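Build the full structure now, drawing on both the sequences and the hints.
If you use mature numbering (1 follows the signal peptide of the UniProt record, and there is no 0), the sequence shown corresponds to residues -23 to -1, 1 to 706, in order.
If you're looking for bench data, these hints aren't it; they were derived computationally from the structure.
Errors might be hidden in some of the hints.
Said to hold, decoys possible - Cut-off 25 angstroms, straight-line C-alpha distance, at most; resulting in silico cross-link-like pairs (SDA-like, lysine to any residue): (1) LYS80 with GLY204; (2) LYS502 with GLN560; (3) LYS509 with GLN494; (4) LYS502 with VAL243; (5) LYS514 with SER465; (6) LYS191 with VAL114.
Said to hold, decoys possible - So the derived label-pair ranges between C-beta atoms look like this: (7) THR555 with ALA576: 33 to 43 angstroms; (8) ASP631 with THR507: 54 to 64 angstroms; (9) PRO280 with THR128: 57 to 67 angstroms; (10) ASN404 with SER170: 36 to 46 angstroms; (11) GLN254 with ILE561: 18 to 28 angstroms; (12) GLY356 with SER170: 40 to 50 angstroms; (13) ALA321 with TYR657: 29 to 39 angstroms; (14) THR555 with PRO503: 14 to 24 angstroms; (15) PHE249 with ASN506: 21 to 31 angstroms; (16) ASN157 with THR574: 51 to 61 angstroms; (17) PRO280 with THR574: 26 to 36 angstroms; (18) GLY556 with SER594: 22 to 32 angstroms; (19) THR635 with ASN157: 52 to 62 angstroms.
Bear in mind that the values here come from a model prediction, so they are computed numbers and not experimental data.
Note that beta-carbon positions come from the ideal geometry of N, C-alpha and C, so glycine has one too.
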Amino acid sequence: MVTMQLCFLVLATAAALSQSTLAQEATTEGYNAAGTTSFNYPKQISKDQKEVIKNVVQALGGTDISAPKLDSNPNPPDEPPPIKVPDTVSAEWHNIARPAKAKCAVAVKPYMIYSNAYEYVSPDSYKAPTAAQVPTVFRGAVDLTLFSAGTTPIKAPYTVTVTSPMYNSVLDVYNAALGNSTNSTADLQVTSSDLDLLADFSNMVNVTYFIDAKSQDLAPTSVSVNGQLCSVQLNITLSNIVPPTTDDTAAFAAAAVEQSTVPISVVNGQFFGTNGQPTTMKGVNWFGFETSATMVAGLWQGPTALTQDFGIVLYRIQLLGFNTIRVPFSFQILYNTQPSSYTASCTPVTDVQVGQSVIPPGTNIPTNAQPPPQASPTGGNSGTCNALVPNNSVYTRFLWVIKAMVDNGFMVLIDNHLNLDSTAVDNPTAWVNYWKSLMTGIIGMGQKYQNAVMVDILNEPDSRGLTWTNTGPMYLSVMDAISSISPSTLFFIEGMGQLGYAMCWGDGFVTDPYLIQNFGLTDPKPFFNTLKTKSYKNNVVISPHYYPPSISGQSFNYTGVGLFTRMQNSFGYLTAGTGYNGQIFPLAFGETGSFYTSATDIAMLADMARYMHNDYSSLGGGYTANDFPHANLPSLYWWDWNANSGDTGGIVMDDWMTIIWSKINWLIGAVNLTPWYLTYNTGTTPPPGPPPAAPPPTVPPPPTVPPPTVPTPPNNPPPPTTKTPVGPP
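If you want it as structure tokens, here you go:
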């Protein structure tokens, strides 16, 4: 989800941060995980620390068993220490500098803290970042793990000099003092004798500095100690966080709830669940793994397990009738961020209390009615919330969350959000490899989990100005990679590059030549043409995002014939008839949502639901399915569960407890959501109705030739809506 105003980017102003605030934020968010301690004597070095040293030594010398994946130095010296990637290490090592016979070595780990592309919430950034503009300002932390690669120690005091043409200024430093600093070079002066570098990789010393930069490329191009250039390697993972070991995956498999399943599949546009039966996606988004929350969000909200415990919240979501959850994530969060712990004391609750928490006022069911039991509780009623949530790495935690969701009967859609992680743009090859690595980890958990996980390849590419021209091939590369190891996985793809036709971020699948030419749209036909040659073509799901006026800024054609025409031209045609040159696609809306308080939003969502169900009663003028031929489209993911969504609010209010029943009622009608209390069928007094809908703008009937069009948006978008960030107490 990103903020949209007439589908244009809205500028945001970045607040200046003091050095003390910066350090506080970095420490809070885990960006300085390695930057505060040195380990000077082998007997004091832990097993994990020894593994880091071992891997650096192997990376710098020995038999070259793997060619470098990236080398920023096009003319390396004649005698470079070769990169060696151990068989047991899946982390990627990149050469930055390889001076011959270097006496010092550095492993670099950079972390993005801030970019002015997004609304930023200080200090914890629990609120989902909101797209504002193409980034021009970057702030980050860089961890340097220093070694003496020679036979003699390097005694403090010594000066570490970092250089990069991308640097504006170094702001602060841990374990050293900031000396001379220019717009490309800084001297970091290490003075404490506790930070001596012992000979022959016998210890490691960590120095962290904070940087303002011209790009997201935060790694230095060279590092020297006392004027002598060091070998520099970039380790893309924090402390070699790698996919689970055999023991880890065996533990996942051993703990699995036994259940015979088949892969989620699609036949003629109809979804089939892991039980092999027809199903629809009754979904909700639950974000957090793409932010510094490092977990699905809201688990800071006590005092009871109803809001504070992951497993109990998951149970509440299931009792409301949802059968699938879309989980946004960032690779940078999974691999480069230390997890925040949510293990804390809380007030336990009973199943009856959980069931009562998701029943609307005025519902007449027995007061002692028992909800269906949770299939696989995660221990939240012990008086300690989130006791079983892993705290060793975000990656392991992410897999654990997927496991818990699947064990409780959910289908899971994992979604790579761009946010502060622009890997897909900066290094598409690495991005494809990350996707394959992540899916490999899921496969390692067991067939049951592989069967229940779907892939939303890239969230709202328009947020970074991507088009079908450059992103269509990226989609295909990810699908090629994942299908080679998991041929049954479903792929959700989002549209892009068609803002001229008011197709907002996540929408935009128009292939009609007239519309492409006259509205300046990028053309997805080359993507679809190539897709038709692929073995996985029947595993691809069209997944537009569709938002009402309070979010999209749309001031016309958001109801009635205008709305139906836009939806039909973008994606409806793909689901029926001949589809795209004979290929029929299934469709599931990946996002829609609203505070559901404005009359225009309510009117738009009402007509959107009518389009989903081929209901033409509101159009007048004798319109029928022949005018808008498309399949019924009952699959959708609401944005979102989270109370801290600045654009839409959540299914729950700011207390993370109270359900907003007007949203649930819309989902009951739109996707046949069936909360558990409806099984009693005993009459319900509905919550107060929404305000009356404003009459929609009048639009003419769609012409038959040329194809229906939508007026060009006005040149001047309305001023952006000011949002109040919502975060933990």
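Violated hints - listed by number, lowest first: 8
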